[in-house]
Amino acid sequence: MIIVDLLLALTIVLVAARCLYTSNLAESVVMFIVFGLLLSLVWVRLYAPDTALAEVAIGAGLAGALLLATLSQLHLTHAAKATAMARISLIIPVLLGGALGVSLLSLVQPAPGLSDLVMNNITQSGVEHPVTAVLLNYRAWDTALELAILMWAWAAQRALGPNLAWHGVRLQGLVLVYFSRLMVPLLALVAGYVLWQGAYAPGGAFQAGALLATAFILAFIVQQAQLGQANPAVIRRFIHHWAVKLLWLGGLLAFFVVGLAGLLLGYGFMGYAPAYAGALILAIEIAATFSIALILAALFTGEGRRYE
Amino acid sequence: MNEIAIYLITGSVLFCLGLWGVVMREHLLHKILGVNIMGSAAFMLFLAFAARAEPADAVPHALVLTGIVVAISAMALALALMKRVAKESEQHQATLEDSQ
Amino acid sequence: MTVLLPGLVLLPLIAGGFAALFRQQGRWITLATGLGMLVMLVLLSIDAWGVGQYQGLWTLGGWERPLAIAWYLDDLAHLMLLLVGLVSLAIMAYAWFDTETSDHFWGLWLGGWGAMNALLLSSDLFNIYVTIELLGLVAVALVALSTKAGAAAAAMRYLIISLTGSMFFLLGVALIYGQYGRLDLIGLAEVVEHNWVTHLAWSIMLLGLLAKTAAWPLHGWLPLAHGRAPTAASALLSALVIKASFYLMWRFGVGPFAALSNELIAMLLALLGTMAIFWGSWRAWKTPLLKELIAWSTVAQIGYLLIGLAILFNPQSILTVSEQFNPSLLLFWLIAAHALTKAGLFLVAGNLILLTHSYQLKDQLAVLCNSPLTLWTLGLGSVALAGLPLTLGFIGKWWLIESSVALGQFWLLAPLILGGVFTLAYMGRLLQPAFEQRLLCQYAPKQSDGRPAECISERQLAWPLLAVPFILVLSVWVLALFPLYPWGATL
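Residue numbers (this note's numbering), protein chains in the order written: chain A, 725 to 1032; chain B, 17 to 116; chain C, 32 to 522.
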């Protein structure tokens, strides 16, 4: 298996270098998507199936969609060629990074971690899957703040001005239409399944939210393409309806309400009553899934207003 | 050499490569992708450290999941900002050359 | 009521979320939130005066420390919470009356305020990473709110630097976790030892934080971003946001990584600070633009903070902490003095730009000749910025001078003393012609209503726009009368 790791490591470095080196931006973007896919393989090799799932859905999938949509809006899709100095200087990160990596080899030995503490308290946490326990119980405050980051990334994007709506594609043939009719319900179904199984196996709110966001985005692309640019797609209006916007905040609010309730009931801020922890976590996860999905989709679709 | 050593070195190289992209490439898309590659490199170190334990340490897994969502949020903002920079620039160039 | 501390973080985040989604109501949500925050800050301070039940460690989620995220409230964090809260409130009051405030501003800064409070309280490395990312995104969006030419490019430059800094920080966190398997600062302080990985991790984190603080030579983004942002945003960024990453360096350097401090790193920081003072002052002297002058002065003032950090990090410096008095807290007064003065000066600059519709320094004289309150604010602000005696900045600066002498680092006296002279010099570019002009105006031909000709009066502005910066600047003088802590402070 060491051969697989070596090959994977070498490929991923080459792909990353190509992604940054090429002056063809489309190639850059494609390379970045490949980079994300390779990363998820690395995560599998490192026994991290949860992050592998998230990397495929978010790091390669959603980021790829965002990048491609952005690329289609740029007038110039060629960057200046790397200068001779830049080309030669590419050796520096390789050597420096290699030296840095070799100097870290003392860390290969097993070292203290929080693994034992995570497993010892897992019966109290309300879920069986350790990653979900960390995300939604032990370190729930990180996750709450991360939902805030999503929220403010959207607010920040909106604050830039109204030119950010993606103008859509022209469809060639009906393949994508029929494909989306199949995929959108399937994605929603899989999202529900992934959310549910997060309690005892890899999965959970992040992966489910990303899948659901993909469903929204796919539906949006197809609908916008069918309607043409003049008509705003219903799906975009749905996402930005004021009542749905309350759902955007749902994840954050669920965290905060449960967190404060825990404080008032004497379990500490962000603490849950052990007996109800499983149910509370599921409730927060459902709210968080919708928040993540809607905000990620909104980051892609924009609010639909443009200059001119 | 085991797989952890391989990925520690790969992560370090990727971090420096990403930094090279941020510093040496002019186009903003390259800079944005460079930052993301730096982040992925840090995630790789986290997960390599997690893989030392048996079973794998769940805390870094959760941290990386959080980090991935943070990274996509930052990327979405950065791409939107890049579009505005390109729009405002005279030659539609998405670089920082004319901002001094 | 134990909800006070979580409330200080949750209230702005929840309210900010609503204000961002429902922008038409943003103002009123902000007003209610501001009042609520003020009440909570007052209650917290009253508690610190008496019982002090909030001080100390809070673990979140009811778990024990290495597993759970911890909050830690001490006097430094408390004073920073107060500073952030009061300066935010003042700037928001200004923004309320500023006709050019975008309706995006309210939701954005409420989020930034919540992120700042979460950052100040946090005692967990990864949690701190999440908070600085949130704060960084908000800060960039605040710059990009401006529709001025070049604002987007400045925001982009800021975003790239800020994200790169965060990635450095994250890499450091990863290495620390790899070495010690824990993220809580208090636990780390017990286990940190001298080895290559720890030194590397701390240096990498320091580098990232220095870039985010705009320390020389990583300052290039600051004059552009702070100079081109909308008025209230410039004030917030210069007064508060850059202090967040500085606070982290301070926290880490005297906390978990105190054992790693050596004279080399102290010397390096002192050199960076010296260069920042000279270079920032020089550029402030040369720039033709009003707001860029003030932004360059921020670069120079960060130099003082870096020298303060160098003194704290120097293992030779003996900080005798007694029950009543903690000398290192004097550095806080330097932060506070800069935050209050700089917020006031940026707001005054905003007033001038509102009146003259010009960003050029030379066009501002038309206002200054007939605007006593603006002139007073600028004058008091310049002296406070230079850190002359009787101002709050002097207390912090005096500590720097005293400590440098005690450490035998006499060369530091040059930047410390010359820096004040430079400050008066570049602020004098605005003030000196203004005073001259004022004298001229008195003898100039009067209009029919008795006003001098060719003068724009500050009276065209709503009075709060004039009062807020004046109060901010005046507070630097008033606070200098009570420099010791309101409650018996120890660190």
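I should point out that these hints are in silico values taken from the structure, not numbers from a laboratory. Being a predicted model, the structure only gives us computed values, none of them experimental. Honestly, I wouldn't trust all of these hints.
Derived DSS-like pairs: lysine-lysine, alpha-carbon spacing no greater than 30 Å straight-line [unchecked claim]:
hint, chain 1, residue 1, chain 2, residue 2
1, C, K393, C, K317
2, B, K103, A, K805
3, C, K317, C, K179
4, B, K103, C, K179
5, C, K179, C, K393
Against the structure, the hints come out as follows:
1. For the given pair, K393(C) sits about 13 Å from K317(C) by alpha-carbon distance, which is consistent with the 30 Å threshold.
2. Between K103(B) and K805(A) the CA atoms are separated by roughly 21 Å; this keeps the pair inside 30 Å, and the hint holds.
3. Restraint check: the Cα-Cα separation between K317(C) and K179(C) comes to about 22 Å, which is no more than 30 Å; the hinted pair holds.
4. At roughly 13 Å between alpha-carbon atoms, K103(B) and K179(C) fall within 30 Å of each other, so this suggested pair holds.
5. Between K179(C) and K393(C) the CA atoms are separated by roughly 19 Å; this keeps the pair inside 30 Å, and the hint holds.
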